[in-house]
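For the protein sequence lines, the chains are X and D, in the order given. If you read the first sequence in the UniProt record's numbering, its first letter stands for residue 1, the second for the next number, and so on. If you read the second sequence in the UniProt record's numbering, its first letter stands for residue 1, the second for the next number, and so on.
The set of hints was computed from the structure by calculation and includes no laboratory data. Do not rely on the hints blindly, as some may be mistaken.
[Claimed, not checked] For lysine-lysine, the following DSSO-like pairs were computed, each having C-alpha atoms within a straight-line distance of at most 27 Å:
| id | chain 1 | residue 1 | chain 2 | residue 2 |
| --- | --- | --- | --- | --- |
| 1 | D | Lys243 | D | Lys285 |
| 2 | D | Lys180 | D | Lys86 |
| 3 | D | Lys291 | X | Lys81 |
| 4 | D | Lys42 | X | Lys296 |
| 5 | D | Lys136 | D | Lys87 |
| 6 | X | Lys296 | D | Lys87 |
| 7 | X | Lys354 | X | Lys87 |
| 8 | D | Lys326 | X | Lys136 |
| 9 | X | Lys296 | D | Lys135 |
| 10 | D | Lys326 | D | Lys296 |
| 11 | D | Lys285 | X | Lys81 |
[Claimed, not checked] Taking CB as the label site, the calculated pair distances span:
| id | chain 1 | residue 1 | chain 2 | residue 2 | range |
| --- | --- | --- | --- | --- | --- |
| 12 | X | Asn292 | D | Arg312 | 33 to 43 Å |
| 13 | X | Glu163 | D | Arg312 | 44 to 54 Å |
| 14 | D | Arg312 | X | Glu307 | 23 to 33 Å |
| 15 | D | Asn360 | X | Glu307 | 47 to 57 Å |
| 16 | X | Ser299 | D | Lys183 | 12 to 22 Å |
| 17 | D | Arg200 | X | Ala293 | 43 to 53 Å |
| 18 | X | Ala293 | D | Glu196 | 45 to 55 Å |
| 19 | X | Ser299 | D | Leu7 | 32 to 42 Å |
| 20 | X | Gly286 | D | Lys326 | 24 to 34 Å |
| 21 | D | Lys354 | X | Gly286 | 53 to 63 Å |
| 22 | D | Gln9 | X | Ala293 | 49 to 59 Å |
The structure presented is a predicted model; accordingly, all values stated were derived computationally and were not measured. Quick reminder that beta carbons are idealized off the backbone N, C-alpha and C, glycines included.
Number of protein chains: 2
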Amino acid sequence: MFKFQILYQSRKNQARIGAIITHRGVIETPVFMPVGTQGTIKTMPPEIVSSLGYNIILSNTYHLYLRPGPDIIQELGGIHKFMNWKKLILTDSGGFQVYSLSQFRKITEEGILFKSHINGTEHFFSPIMVLEIQKKLGSDILMVLDTCIPYPLSYEETKNLTELTHKWAVESFEYWQRHKNEKQAVFGIIQGGMYEDLRRYSAKFITSLEFDGYAIGGLSVGEPLETRNQMIETSLEYMPYHKPRYVMGIGTPLDIIDAVIRGIDMFDCVLPTRNARRGTVFTSKGFLSIKNASFKSDSLPLDPECECYTCRNFSRGYLRHLFHAKELLVYFLLTLHNLFYYAKLMKHIKNAIKTETLENLREEVAQYYLKNFNDSK
Amino acid sequence: MFKFQILYQSRKNQARIGAIITHRGVIETPVFMPVGTQGTIKTMPPEIVSSLGYNIILSNTYHLYLRPGPDIIQELGGIHKFMNWKKLILTDSGGFQVYSLSQFRKITEEGILFKSHINGTEHFFSPIMVLEIQKKLGSDILMVLDTCIPYPLSYEETKNLTELTHKWAVESFEYWQRHKNEKQAVFGIIQGGMYEDLRRYSAKFITSLEFDGYAIGGLSVGEPLETRNQMIETSLEYMPYHKPRYVMGIGTPLDIIDAVIRGIDMFDCVLPTRNARRGTVFTSKGFLSIKNASFKSDSLPLDPECECYTCRNFSRGYLRHLFHAKELLVYFLLTLHNLFYYAKLMKHIKNAIKTETLENLREEVAQYYLKNFNDSK
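Okay, chain X solo, but in the shape it has when bound (with noise of 0.2 Å):
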């Protein structure tokens, strides 16, 4: 049972307010994944992640497959209960941490062979192995194995990895209408690099395996704002109209408004949980650095205008002085402002479709935002 439903279409651009419908409950979209990468949101007691109103979060097959492994996991009652998470889980593939993580790996027709950046090891990744991997985790969304496209890329490998991404993208969707159980719905991932052709050639040819939705994937490594928005636009004109569209590891408060204004209806990234631990936080001004000097007796908290747990109980000049010291303490406070930061967002996005001033809060959200993430670093 996966289900997808438009509750409300704007008039005036693409973006829309759904609900996905599934056996754990139902979700609304826009929704933003916090990634949970080791199987828990980092330094988050489960319950205070749903108590800030989210509803789905994004874990690692890649991370999981290696420690504790897939097995484990099942035999301690799968993801969910293993992580204590009662909502929805949506797991990636792995391809992309294979790419980004592992100190070697050889791409074949047939798959991914990596060494595991924790001890050396070498493993495999088929696209089937990948499925049975998030089969064996119990997640709710598992997405398929694709080839990371790195950027710049030349046209001609581009095309070629795409083109892989496509047969194990088949590859899949037949292992999957072979092994589908109720419980679990699959999404397809394009590819096409930064080359608009082989983006609008990866959507349809993606968008026409039935997956349960899909997912625009590729993206924030390193490419300019607007292509990145160029990117997402080609790639939405061959995305069905009645399934979730997820762009993937994206983004900055104006990188999620730009994509729903686009059509988009999911998203993930560790924007909000790693610059948190990097000192880092989201405020209704723009980013604060909380080792600045400037903070060493400031009496206020992060954003005055804030009602999170961390704001109304404690001072810029004491998050300093934990982050200073090494405390672990601060990273659960800045990480906790800064999901409820994002999860305040994410409301006042469905607030804006709804009175169609989505334009009125990117603007306003702009004025704060505008730099590109890795400015804020």
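Dock chain D against the given chain X, drawing on the hints supplied.
Chain D alone, transformed into the frame defined by chain X:
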């Protein structure tokens, strides 16, 4: 306003139930104070520490003096507001940390010259200065500066350091007579090393000064359990019945029961929090190291008899995974469990005093915790 009342005196031993009454509220003794070295109980949001039943914590003058500094804490409204802890705070004098953390120190008649363990800068602590720092911090119970006496140490050297502690106690006492305030109480510290007659000498001397309470210092520095208990007994002979008695830096569950039986009211120790971060937890059946391979796919909680948040929600298999993956959440979950264990232990102790069954509780705990802490590492 600082009062101590004895609510119940055991008929079978020296244990007693008491109440420390301050402007910030009442705390019942025997009491265990979790250690919040740098203005935070490591990993723990203060509300959770409070919800576990703790009404008083300890923080370290040495650390807060070096970072962020007493002036900043004062500017930010004092230590309670700084760390958002609304209940009692006891601060030590820094004497022990100067001894254990500073790469360099020189003890003179006037105080201790030392180098910061953070950046090597030189600092000086005099008895009056450490009281002034603690005044700025705004803690509820202040400790006087003492000399930490290593174990083993010759009689002659122990005697000299003990006498210097006495000289500083007099200076502290006289300073406090002139500068005391209604909101802060000051405790004296008995030294004397591991020599019974020096302990007696120190206990007599320190308790001749009218402090609000008295502590036994210089224990848990490597001495055998029997020596420790002997030093506590000897010191206690001279400690006034109607004032709180605090044994510093102790201890294991068994240490605490042994000291309570002899008439001690207050405890602090890093064991529950530090052990947690190292993967060792306290259970009703003794220590458990979550690192063990045998827990790989163990679906039981840390302690099946425990009702803490961690034990109600997470398996050993999951916690082991988090620990090996160095996921920050695990330090929180294990710390919470250990603090829950200590809170419950203190409840059991109070109950056992009232029902005159403390010796039975001791036997029960000794079954599993007879070993020294060092064996558990």
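Consistency of the hints with the structure:
1. Proposed proximity of lysine 243(D) and lysine 285(D) is contradicted: the alpha carbons are some 35 Å apart, above 27 Å.
2. The straight-line distance between the Cα atoms of lysine 180(D) and lysine 86(D) is roughly 22 Å, inside the 27 Å bound, and the hint therefore holds.
3. Between lysine 291(D) and lysine 81(X) the alpha-carbon distance is near 20 Å, which keeps this suggested pair within the 27 Å criterion.
4. A distance of roughly 21 Å separates the Cα atoms of lysine 42(D) and lysine 296(X); the hinted pair therefore holds under the 27 Å criterion.
5. For the given pair, lysine 136(D) sits about 17 Å from lysine 87(D) by alpha-carbon distance, which is consistent with the 27 Å threshold.
6. Proximity of lysine 296(X) to lysine 87(D) is assessed by CA-CA distance (about 24 Å); at most 27 Å being required, the pair is judged to hold.
7. With a C-alpha separation of about 25 Å, the suggested pairing of lysine 354(X) with lysine 87(X) holds against the 27 Å cut-off.
8. For a cut-off of 27 Å, the pair hint linking lysine 326(D) to lysine 136(X) stands: about 24 Å separates their Cα positions.
9. Using a Cα cut-off of 27 Å, the hinted pair lysine 296(X) and lysine 135(D) holds, with the two alpha carbons roughly 20 Å apart.
10. Using a Cα cut-off of 27 Å, the hinted pair lysine 326(D) and lysine 296(D) holds, with the two alpha carbons roughly 15 Å apart.
11. Between lysine 285(D) and lysine 81(X), the direct Cα distance comes to roughly 26 Å. Compliance with the 27 Å bound is thereby established for this hinted pair.
12. At about 40 Å, the CB distance of asparagine 292(X) to arginine 312(D) agrees with the hint of 33 to 43 Å.
13. Judged by the Cβ atoms, the range 44 to 54 Å given for glutamate 163(X) and arginine 312(D) holds: they are separated by roughly 51 Å.
14. Between arginine 312(D) and glutamate 307(X) the C-beta distance comes to about 28 Å, which sits within the given range of 23 to 33 Å.
15. Asparagine 360(D) and glutamate 307(X) have their C-beta atoms about 50 Å apart, which keeps the hinted 47 to 57 Å range intact.
16. A C-beta distance of roughly 21 Å is found between serine 299(X) and lysine 183(D), which places it inside the suggested range of 12 to 22 Å.
17. Look at arginine 200(D) against alanine 293(X): about 51 Å separates their beta carbons, and that is inside 43 to 53 Å.
18. Distance hint check for alanine 293(X) and glutamate 196(D): the Cβ-Cβ separation is about 52 Å, which falls inside the suggested range of 45 to 55 Å.
19. The hint said 32 to 42 Å for the Cβ distance between serine 299(X) and leucine 7(D), and at roughly 39 Å that hint holds.
20. Between glycine 286(X) and lysine 326(D) the Cβ separation comes to about 31 Å, which falls inside the hinted range of 24 to 34 Å.
21. Taking the beta carbon of each, lysine 354(D) and glycine 286(X) are about 58 Å apart, inside 53 to 63 Å as hinted.
22. Taking the beta carbon of each, glutamine 9(D) and alanine 293(X) are about 54 Å apart, inside 49 to 59 Å as hinted.
Consistency with the previously given hints fails for number 1 only.
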